[in-house]
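Student: The primary structure of each chain is shown beneath.
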Amino acid sequence: DAKTTQPPSMDCAEGRAANLPCNHSTISGNEYVYWYRQIHSQGPQYIIHGLKNNETNEMASLIITEDRKSSTLILPHATLRDTAVYYCIVRVSRGGADGLTFGKGTHLIIQP
Amino acid sequence: NAGVTQTPKFRVLKTGQSMTLLCAQDMNHEYMYWYRQDPGMGLRLIHYSVGEGTTAKGEVPDGYNVSRLKKQNFLLGLESAAPSQTSVYFCASSIGQGPPDTQYFGPGTRLTVL
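Line order of the protein sequences matches chains A and B. According to this note's numbering, the first sequence is numbered sequentially starting from 2. According to this note's numbering, the second sequence is numbered sequentially starting from 119.
No incorrect hints appear here.
Partial list, computed: chain A residues near chain B (C-beta under 8 Å): (1) Q43; (2) G44; (3) P45; (4) G100; (5) L101; (6) F103; (7) G104; (8) K105; (9) G106.
To be clear, the hints were calculated from the coordinates, so they are not data collected in a lab. Note that the Cβ used here is the ideal one computed from N, Cα and C, for glycine as well.
The following block holds chain A by itself, in its conformation from the complex:
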């Protein structure tokens, strides 16, 4: 699976959009971009995933550059409950076999 690079921490004001970048310059054509988050002391939570196109769901939007070498997770109206560590994971979808590779992620702190 391709390696990802994320900033270790970010701040965002409550009510503003939080934009979390992820660099995955070695991504292969069949690798997906997944985002998970982990609120303090809880299990990770799936947010969104994408292959080539931009994606949106009730939690967030995922913007993937045309060359697929980087992506941005957007939380449109951040709240204090969005304070968490956000993980960008790039992997081939193998139907689940061999698990997810978590790096250190980005610690997003939402400021009141």
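With chain A fixed as given, assemble chain B onto it according to the hints.
Tutor: Quick look at chain B alone, frame taken from chain A:
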């Protein structure tokens, strides 16, 4: 649906003691996983299972054994606990077909080995 549950939530062991962590899921998922998370680190895969009666090693399997006798349960065993196994343990499950290949995680078990 309870989703993924883990038992116990907390445990303190002495070096050399044994214990079993239980993971249960009620989503009829085929795949189940055990991860550990050390302070300030991301999760690392210990073992996983792609179906009832099958298990496979992950990134850090040494010192652990697993069993998947029933589809809904995945057990993680420590035969002789060591201080290096002090960690938070997370169980997860997934449908087993992808994408999206989404994994659903339990709340974790905080284990301390003295």
